[in-house]
Amino acid sequence: MVDMTVTLAGVRLRNPIVAASGAFAFGREYGEYYSLARLGALTVKGLNMEGGAGNPPPRVAETPCGMLNSVGLQNPGVAAFLRDELPYLRQYDLPVIANIYGADASGYARAAGALADKVELIELNISCPNVKQGGMAFGAEPDTAAEITAAAVAEAGCPVLVKLTPNTAKLAEVAKAVRQAGAAGVSLINTLSAMRIDTASRRPVLRSNTGGLSGPAVLPVAVRCIHTVFRSADMPILGMGGVASGLDAAELMLAGARAVAIGTAAFADLWAPVRVIEELEAYCRAQGVARVSELTGGVRLWP
Amino acid sequence: MICAVLSNEPIAPGVFDLRLDMGAAGAEQKPGRFLHIAVGLTLRRPLGLCEPGRVVYAVRGEGTRRLARAKKGDLADILGPLGRGFPESDEPTLLLGGGMGAPPLLYCSRSLKSSAALLSFRGQRSVILASDFANCDVHIGERFPAERIGSFGLRRVFACGPRPMLAAVAKECARLGLPCFVLMEERMACGVGACLVCACAVTGGGYSRVCADGPVFPAEQVAWHG
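Just so you know, the protein sequences line up as chains A and B, in that order. Throughout the first sequence, residue numbering follows my numbering, covering 1 to 303 in sequence. Throughout the second sequence, residue numbering follows my numbering, covering 304 to 529 in sequence.
Worth flagging that the hints you see were computed from the coordinates, not collected in a lab. Glycine included, C-beta positions come from ideal geometry on N, C-alpha and C. Any given hint might turn out to be false.
Not everything, but these chain A residues come out facing chain B in the computed CB check (under 7 Å) [as the list claims (entries may be wrong)]:
no., residue
1, Ala23
2, Glu29
3, Gly66
4, Val71
Now the stretches of chain B that chain A is said to cover, found in silico as 3 or more residues with beta-carbon under 8 Å [to be verified]:
no., stretch
5, 337-350
6, 493-502
7, 507-515
With the sequences and hints as input, model every part of the structure.
Here it is as structure tokens:
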């Protein structure tokens with residue numbers, strides 16, 4: 001038997017596999033197919049106080065080994081989430097991570113305050129490539145990332161993760177800045193800003209012209225970013241980016257992640273999170289690993 | 304669900320007729336619902352049911368190119384049937400199809416006691432399925448002849464086809480006071496209503512999910528210029 005439990009920013013998860021924000025809405029749709037209690041945790045769709053309509057379609061474009069999306073943070077708002085969606089999730093023994101965003105630091109603070117002690121973790125989205133505000137402009141610079149983190153941490157009644165963008169040359173500095181501002185950990189990576197053009201019409205495939213790249217194409221970028229932050233900032237990491245198998249999840253953990261989120265892989269395989277848990281456990285058995293948490297940061301770098 | 308391919312043959316240039324052994328999923332198949340078919344890429348491909356265990360699709364890109372290579376006896380990885388189909392009440396109905404909009408309407412024609420169909424195609428070579436409908440007019444041309452809707456004397460319309468055609472049909476049905484249901488097409492990812500990429504702008508603001516709230520919508524709910 002492998003001990004699959006991990007601790008992420010002070011929260012105990014039954015296994016390290018987490019549903020990523022945006023891919024799983026508020027859990028209902030996937031709950032029709034398997035018990036959500038099998039997951040380590042579930043991150044809900046990005047929320048703000050006001051709610052949002054999102055971007056016009058097309059919002060998705062396939063790419064070699066991945067996809068672009070530009071949903072634009074469509075969501076019903078924090079109040080509707082608490083009233084209509086959270087009670088559904090509470091029927092499961094499952095830590096809930098609320099992903100939040102705002103137009104400025106006070107927007108993040110208000111959303112964090114409204115969710116306060118009602119969820120196990122809050123994940124600040126300062127890295128969405130698809131919105132003008134509440135997006136990666138905040139996450140690319142250490143100062144603004146720290147300002148937003150401090151404002152949200154002051155209002156949140158639970159540990160706060162900060163979701164970082166790979167679209168910055170200052171990843172390590174941003175991670176250190178949010179740690180000093182009170183973040184209990186970081187999530188990375190958000191999608192990579194990207195674009196596709198239909199050659200017949202010469203129009204971008206996405207109605208908003210650009211979107212965020214996810215899927216297997218970004219896995220190596222995630223591994224590198226996670227390892228950079230693991231080595232430089234010494235803080236709990238929820239890793240994500242293109243994970244589709246147990247070995248992919250092991251790779252992110254070896255790079256430094258304590259837990260691993262799955263998003264895009266669930267589109268081709270609805271059962272991907274459940275399958276990845278089993279595959280990760282099999283990898284641990286094959287490697288003679290007694291506790292999956294031993295994998296974190298276990299990469300043996302070349303000298 | 305893994306099911307066997309029974310056949311996958313071309314019926315027009317670039318158009319294939321895929322038949323699957325769906326087994327126990329038979330009861331969940333309804334006109335207007337779709338199958339979400341794995342093609343070995345990041346995303347599945349949503350294809351509307353043409354009849355139980357049957358989809359008719361055009362090769363449009365890498366995904367459908369891969370699907371077109373499937374042979375009898377191959378195994379297909381199917382999610383579904385998914386989505387909300389056409390209303391099930393058995394009223395006399397006019398079926399309006401544009402191009403690849405015809406296949407889901409054939410399924411409707413099988414379950415409706417009384418219906419007529421008006422199918423429009425860009426050219427004679429692209430005509431599909433017309434002889435399978437019980438009572439069918441075929442129009443050849445670039446533009447769907449929405450002005451003919453009233454001449455059929457039927458009190459309800461189901462439509463499927465390119466968006467400009469559906470918009471014209473919705474406008475004409477509104478003018479005539481006919482209830483009209485349209486099958487919308489959009490690029491999808493999850494197919495079950497979670498990821499919100501297959502957005503359809505709706506009247507009153509915001510978006511509905513084509514995969515889970517549709518793909519069939521009352522025409523007046525769609526914001527045609529949204």
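Checked hints:
| no. | hint | result |
| --- | --- | --- |
| 1 | Ala23 | holds, 6 Å |
| 2 | Glu29 | holds, 4 Å |
| 3 | Gly66 | holds, 6 Å |
| 4 | Val71 | holds, 5 Å |
| 5 | 337-350 | holds (count 5) |
| 6 | 493-502 | holds (count 10) |
| 7 | 507-515 | holds (count 4) |
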